[in-house]
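Protein chains in written order, with numbering that gives the first Met the number 0: chain A, 0 to 339; chain B, 0 to 250.
Fair warning: there could be bad hints in the mix.
[To be verified] Under the rule of at most 27 angstroms between Cα atoms (straight-line distance), these lysine-lysine pairs were calculated in the DSS-like manner:
hint, chain 1, residue 1, chain 2, residue 2
1, A, 121, A, 18
2, A, 257, A, 70
3, B, 219, A, 287
4, A, 172, A, 121
5, A, 228, B, 236
6, B, 2, A, 257
7, B, 2, A, 68
8, A, 228, B, 159
9, A, 333, A, 229
10, A, 229, B, 242
11, A, 12, A, 121
12, B, 236, A, 229
13, B, 177, B, 219
14, A, 229, B, 177
15, A, 228, B, 219
16, B, 245, A, 229
17, A, 287, B, 245
18, A, 229, B, 159
19, A, 287, B, 2
20, A, 19, A, 1
21, B, 219, B, 236
22, A, 228, B, 177
23, B, 219, A, 229
24, A, 70, B, 2
25, A, 1, A, 201
26, B, 242, A, 287
27, A, 29, B, 177
28, A, 70, A, 82
29, B, 219, A, 331
[Stated by the list, open to error] Ranges between beta-carbon positions, derived for each pair:
hint, chain 1, residue 1, chain 2, residue 2, range
30, B, 227, A, 334, 36 to 44 angstroms
31, A, 116, B, 153, 49 to 57 angstroms
32, B, 35, A, 19, 54 to 62 angstroms
The hints are simulated quantities; they were obtained by calculation from the structure and are not laboratory data.
Everything numeric in this text was worked out from a predicted model, so none of it was measured.
Beta carbons: idealized from backbone N, C-alpha and C, even for Gly.
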Amino acid sequence: MKAFVVSYGDLAKLIDEAKKSYTIYGPVRKGGSYVFSRVDGLGDMELNYNRTILPPKKFFHLPYEVLMKFKLRDGFEIEAEAKAEPIMVFGVHPCDLNAILRLDEFFSRKFEDPYYLSRREKSLIVVLNCRGAKDEYCFCASLNTGPIAEGGYDLALTELEAGLFLLEVGSPKGDELVEKLNFPKAEVEHLEAKERIKAYAKNTFHRRADFEGLVPAPLDHPVWEEEAKKCFSCGTCSLVCPTCYCYDIYDEVGLSLKEGIRVRRLDSCQLYEYSEVALGGNFRRERKARLRHWMTCKFGGAGGGRYSSCVGCGRCISLCPAGIDITEVASKLKEVVKYA
Amino acid sequence: MGKLRIGVFKFTSCSGCQLSMLRVNEQLLNLLNLIDIDYWVMVSDVKGKGPYDLALVEGSVSTPEEIGEIKEIRSRSRILVALGDCATYGGLNSIRNYMSQREVEKLVYENPTSIRSTTVRPLDYYVDVDIYLSGCPPDTSTIVEVIKDVALGVPPRLPKYPVCVECKLSENECLLIKGEPCMGPVIKAGCGALCPNLGRICEGCYGPAVDPNAESLLDKWREIGLSEREIVCKLRKYAGLSKEFKRWSGL
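Extracted from the complex, chain A is given alone in its bound form (with noise of 0.2 angstroms):
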């Protein structure tokens, strides 16, 4: 694996040869939070950032899209939309990598999914390795998903001391980018300071999540009634987390009343609209309900309790308007687990 020690202007350069071939997308300040939002250089990108409102995954599973436009004219026309733009998303932490590769495996299981996949193929990640916890709210290293990404990236930072970066490369598109650039090779001791950093960087998280054993979940544990006391079903917590996927599709007819578009919307199970069938039936009437759902999902059902779906970004706490936080409902269902 290729690796080089780059400084502050180094990145600098790299993004201006990177705008020849894609558009730049970087974590920058709004208010008192992040966003990822279009940037020309690196000095609009702020890089010490703790976590953006929105994950990553805004660019790849958009919030809105059109799938199709159709006509009625003597048959039926469609025509598909599939226009993906390459990006590169830089300055991405590992757990927000990880969850994107949770979700490159979501949408290309039995059905590969061509919107979703395109605009993946065309994009180029950069992560920035977390020299440690960002905030309270950080538990990626219980889950094993960060603070340091070990792969599937493209490019990988990691800052060995102010101004001074190791950049490996993680895939031949990355390669590709940095071949041009001749930034002086990494050497052992570079690599060794990384070790270092990561092992440092572990012990640094006081929040701790530990999910194991709890697909199923007990589902009449008190705790759920009294989170769901303060819950609002707002879907805050589904629509910023960087692995919720589930999405809703319906046509959206012009006013010609001939033609119109298919729409794809990114949906919450928070909603009570979610869980609702025909002749006004619900599956999930009840706050509680669809709040143990979303949680049980996230400790690993939706992966038939193989892995957990959360990567620890702590969105859903740190965003929470109830301040419900899932590490906290854990450690009460794991009291009930371990002396089952």
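Given chain A's structure and the hints, the job is docking chain B onto it.
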């Protein structure tokens, strides 16, 4: 497919919902391919008596005359839409229900002896309503959506979920978490999170979302420091008569 014969009516209200309907701008001509305006005083001299395929009724019912009129309109309409908050919940003007009739009338009229008003009620207090299109005013796109869906004969696709969904997808910072008394978590989406996108709290103009957890929001507001009086006023403002909020709005 024939055109829909429509009637647009105004009860106790400000005409803002009708204006929102007119804001279709360049889509107006396309809209006119779908509808024949049989009665809409704001835009046409034609004063047809129906029967209407679709009646869009703005405003609440607040006088004895209006009680008769809404029943009359219902009897001439196949589908009746409550257009906006006044028609759906009683709306802003329902805040007068919390004072005595005489007291309110004196505040507004010098000589209230000729005023004959009743308690402010939403349309469905008197007649069956087929479609509720809340908002103060409802967004133009949702009004067009309803007309289109009626033409197609399908139930309209209107959000029941809270404003937070639209707000989060706009990547706004949560105002409630920042300690501002936002109503977003209990209010129906449809506006595109208009106010939070501008850094202002949701005032609640789309009325209650489905199954809102008002108890939890009230706890938050008390933590923030809102008085009980302020809480009551917030819940009264647009939809105090709604089944979701009337427990707290105090009537």
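Evaluated hints:
With a C-alpha separation of about 14 angstroms, the suggested pairing of residue 121 (chain A) with residue 18 (chain A) holds against the 27 angstroms cut-off. Distance hint between residue 257 (chain A) and residue 70 (chain A) is fulfilled; the C-alpha atoms sit about 6 angstroms from each other, no more than 27 angstroms. With a C-alpha separation of about 19 angstroms, the suggested pairing of residue 219 (chain B) with residue 287 (chain A) holds against the 27 angstroms cut-off. Proposed proximity of residue 172 (chain A) and residue 121 (chain A) is supported: the alpha carbons are some 10 angstroms apart, at most 27 angstroms.
Distance restraint check for residue 228 (chain A) and residue 236 (chain B): the Cα-Cα separation of roughly 25 angstroms lies within the 27 angstroms cut-off, and the hinted pair is therefore satisfied. Using a Cα cut-off of 27 angstroms, the hinted pair residue 2 (chain B) and residue 257 (chain A) holds, with the two alpha carbons roughly 14 angstroms apart. At roughly 25 angstroms between alpha-carbon atoms, residue 2 (chain B) and residue 68 (chain A) fall within 27 angstroms of each other, so this suggested pair holds. Between residue 228 (chain A) and residue 159 (chain B), the direct Cα distance comes to roughly 20 angstroms. Compliance with the 27 angstroms bound is thereby established for this hinted pair.
For the suggested pair residue 333 (chain A) and residue 229 (chain A), the alpha carbons sit about 21 angstroms apart, so the restraint of at most 27 angstroms is met. The straight-line distance between the Cα atoms of residue 229 (chain A) and residue 242 (chain B) is roughly 20 angstroms, inside the 27 angstroms bound, and the hint therefore holds. Among the hinted pairs, residue 12 (chain A) with residue 121 (chain A) is consistent with the structure: their alpha-carbon atoms are about 21 angstroms apart, no more than 27 angstroms. Restraint check: the Cα-Cα separation between residue 236 (chain B) and residue 229 (chain A) comes to about 24 angstroms, which is no more than 27 angstroms; the hinted pair holds.
Under the criterion of a C-alpha separation no larger than 27 angstroms, the hint pairing residue 177 (chain B) with residue 219 (chain B) is consistent with the structure, at around 11 angstroms. Taking the CA atoms of residue 229 (chain A) and residue 177 (chain B), the gap is about 17 angstroms. The hint holds against a cut of 27 angstroms. Annotation: proposed proximity of residue 228 (chain A) to residue 219 (chain B) holds, straight-line Cα distance about 12 angstroms (limit 27 angstroms). For the proposed pair residue 245 (chain B) and residue 229 (chain A), the alpha carbon gap of about 20 angstroms is at most 27 angstroms, so the pair holds.
Between residue 287 (chain A) and residue 245 (chain B) the CA atoms are separated by roughly 23 angstroms; this keeps the pair inside 27 angstroms, and the hint holds. Proposed proximity of residue 229 (chain A) and residue 159 (chain B) is supported: the alpha carbons are some 20 angstroms apart, at most 27 angstroms. For the given pair, residue 287 (chain A) sits about 46 angstroms from residue 2 (chain B) by alpha-carbon distance, which is inconsistent with the 27 angstroms threshold. Restraint check: the Cα-Cα separation between residue 19 (chain A) and residue 1 (chain A) comes to about 22 angstroms, which is no more than 27 angstroms; the hinted pair holds.
Proposed proximity of residue 219 (chain B) and residue 236 (chain B) is supported: the alpha carbons are some 19 angstroms apart, at most 27 angstroms. For the given pair, residue 228 (chain A) sits about 21 angstroms from residue 177 (chain B) by alpha-carbon distance, which is consistent with the 27 angstroms threshold. At most 27 angstroms may separate the alpha-carbon atoms for a hinted pair to count; residue 219 (chain B) and residue 229 (chain A) meet this at roughly 10 angstroms. Straight-line distance between C-alpha atoms of residue 70 (chain A) and residue 2 (chain B) comes to about 20 angstroms, which keeps the hinted pair within the 27 angstroms bound.
For the hint linking residue 1 (chain A) to residue 201 (chain A), the alpha-carbon distance of about 24 angstroms falls within 27 angstroms, and the restraint holds. Taking the CA atoms of residue 242 (chain B) and residue 287 (chain A), the gap is about 21 angstroms. The hint holds against a cut of 27 angstroms. Taken as a hint, the residue 29 (chain A) and residue 177 (chain B) pair is honoured in the structure, with Cα atoms around 14 angstroms apart against an allowance of 27 angstroms. About 19 angstroms separates the Cα atoms of residue 70 (chain A) and residue 82 (chain A), which keeps this hinted pair within 27 angstroms; it holds.
Between the alpha carbons of residue 219 (chain B) and residue 331 (chain A) the distance comes to roughly 24 angstroms, so the proposed pair stays at or under 27 angstroms and holds. Look at residue 227 (chain B) against residue 334 (chain A): about 38 angstroms separates their beta carbons, and that is inside 36 to 44 angstroms. Separation of residue 116 (chain A) from residue 153 (chain B) is about 32 angstroms and departs from the stated range, judged on CB atoms against 49 to 57 angstroms. Against the hinted window of 54 to 62 angstroms, the Cβ-Cβ separation of residue 35 (chain B) and residue 19 (chain A) comes to about 57 angstroms, which satisfies the hint.
Of the numbered hints stated above, those contradicted by the structure are hints 19 and 31, listed in ascending order.
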